[in-house]
Amino acid sequence: MNAGGARHWILRAALVVAGALAVTSAFGQGVLVDKSEIRFVSKQMGVNVEGRFRKWTANVVFMPSDLAHSKADFDIELASIDLASAESESEVKGAVWFNTAKFPVAHFASSSVKSVGADKYEFTGTLAIKGATRNAVVPVTLRKDAAGNNVAEGTFTVKRLEYKIGEGEWADPSTVADDVAVRVRMVLAPAK
Amino acid sequence: MSVTDPTRYSGFAIALHWLTAVLIVANLLLGLSMVALPISPRKLQWYLWHKWVGITVFLVTCLRVAWRALRPPPPPVAMPRWQQRASAVSHGLLYVLLLAIPVSGWIYSSSTGVQVVYLGVLPLPDLVAKDRELATVLRSVHVALNATLFAVVCVHVAAALRHHFVARDAVLRRMLPLARSR
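Listed in order, the protein sequences are those of chains A and B.
With positions in the first sequence counted from 1, the corresponding number in the numbering used here is that position plus 136.
With positions in the second sequence counted from 1, the corresponding number in the numbering used here is that position plus 159.
Please note that a few of the clues may not be correct.
What the hints assert, rightly or not - Each pair of labels, with its calculated beta carbon distance range:
#1 A:252 / B:287: 31 to 37 Å
#2 B:284 / A:256: 28 to 34 Å
#3 B:300 / A:243: 37 to 43 Å
#4 B:255 / A:281: 40 to 46 Å
#5 A:237 / B:208: 31 to 37 Å
#6 A:237 / B:177: 51 to 57 Å
#7 A:304 / B:326: 56 to 62 Å
#8 A:303 / B:255: 45 to 51 Å
#9 B:226 / A:173: 32 to 38 Å
#10 A:279 / B:226: 50 to 56 Å
#11 A:252 / B:226: 54 to 60 Å
#12 B:278 / A:200: 46 to 52 Å
What the hints assert, rightly or not - Calculated from the model, a selection of chain A residues having no Cβ within reach of chain B, i.e. all distances over 12 Å:
#13 166
#14 168
#15 169
#16 172
#17 211
#18 237
#19 254
#20 269
#21 272
#22 279
#23 286
Said to hold, decoys possible - A short, non-exhaustive set of chain B residues, derived as facing chain A with CB atoms under 8 Å:
#24 172
#25 204
#26 207
In case anyone wonders, no lab produced these hints; they're calculated from the structure.
Note that CB positions come from ideal geometry on N, CA and C, so glycine has one too.
When you get a sec, could you build the whole thing from the sequences and use the hints?
Here it is, written out as structure tokens:
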């Protein structure tokens, strides 16, 4: 094999790997990304302020009959945040908030899933943001939508100060509340 | 002068007129200042105050419209017909703007995903869902309506001063708190 052939082979291998990654991120274990969302509501001076993340990847295996092998992993691109204005978006990417230059991704990884009632589950795991890792419990309700997809929805609280999201003049919870309600809605295609 | 002097606006109407004048001038200055501030807790606070003042203007204007129906304003002072028409049109426009501008601000706030909580205690419903493109349009609408209000208020003030100092009639005096009709 000559040098050109080797390069060709490496290129092909890279393309196959990239292709596999793209499929995983787009359809990650059946998550319909376009129908799913990761939203949040923070409270600023007593006022609800909504936002969401535009880009994230999910690897969800949710089998109510086999919770031991069920899991949910999320990588959230923090710079993809959608807030009230471009000005506030660029602000929260800064060092005192998410510091996305140094910590671009928030990561949730479940360690166990248990049933807590009819169609109700709890995903226990860790949430890592801005270099800090904390335990997190995400209660999830499962239902079916009109198209027969499984819709897993859950809201949990992130205490932003535990992750130093908002430092200095922004650390005061009377300006921006410590509790941020994060709502995850995952639409999962039925298993084939 | 009696409380029922038919050539003057009622005391309540006069009070609400000048309250509106103070509120809209203050809120215009607050609005222009707050957008120029860098992001800070102060900026958030000024936005909240701006919304409270705006909603207050809306409520005061509703009250004025209702009061106007109950206690009709004094009959027009003698003036050329074109001036009476211009007066009717500009006053109508002022009422419309005083109602439309706060509502445009409220919808704009909703479209950015920021709730409006009147005086920090009364949450108002979100009129539209968060939508960046809509927000860009609504911001321009809010600014354009305010520019229109500014222009109409300038005409309003100029006309009042002209009536008082040039035509020397009772138009301004009947809206002044302590003046007496002659």
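- prompt: Lying within 40 to 46 Å: is that true of the beta-carbon distance residue 255 of chain B to residue 281 of chain A?
  reply: holds (44 Å)
query: Can the suggested window of 46 to 52 Å be confirmed for the beta-carbon pair residue 278 of chain B and residue 200 of chain A?
result: Holds, since residue 278 of chain B and residue 200 of chain A (Cβ atoms, about 47 Å apart) stay within the stated range.
- prompt: For the pair residue 237 of chain A and residue 177 of chain B, does the Cβ-Cβ distance stay inside 51 to 57 Å?
  reply: This hint holds: roughly 52 Å between Cβ atoms.
message: Confirm or reject: residue 168 of chain A is not an interface residue toward chain B, with every Cβ-Cβ distance exceeding 12 Å.
response: holds (20 Å)
message: Verify the CB-CB distance for residue 279 of chain A and residue 226 of chain B against the hinted window 50 to 56 Å.
response: holds (52 Å)
message: Quick check for students: does the CB of residue 211 of chain A sit more than 12 Å from each CB in chain B?
response: Fine: 23 Å to the nearest Cβ keeps residue 211 of chain A off the interface.
- prompt: Taking 31 to 37 Å as the hint, is the beta-carbon distance of residue 237 of chain A and residue 208 of chain B inside that range?
  reply: holds (34 Å)
Status of residue 279 of chain A, Cβ more than 12 Å from any chain B Cβ: It holds; residue 279 of chain A is separated from chain B by about 22 Å at its closest Cβ, greater than 12 Å.
field: Outcome of range test on Cβ distance (residue 252 of chain A, residue 287 of chain B; 31 to 37 Å)
entry: Holds - the Cβ-Cβ distance for residue 252 of chain A and residue 287 of chain B, about 36 Å, lies within 31 to 37 Å.
query: Regarding the assertion that residue 166 of chain A does not contact chain B, is the least Cβ-Cβ distance greater than 12 Å?
result: Holds, because the least Cβ-Cβ distance between residue 166 of chain A and chain B comes to about 27 Å, which exceeds 12 Å.
- prompt: Does the nearest C-beta of chain A fall within a distance shorter than 8 Å of the C-beta of residue 207 of chain B?
  reply: holds (6 Å)
message: Please verify that the nearest CB of chain B lies beyond 12 Å from residue 269 of chain A's CB.
response: holds (28 Å)
Violated hints for the displayed structure, listed by number in ascending order: 9 and 24.
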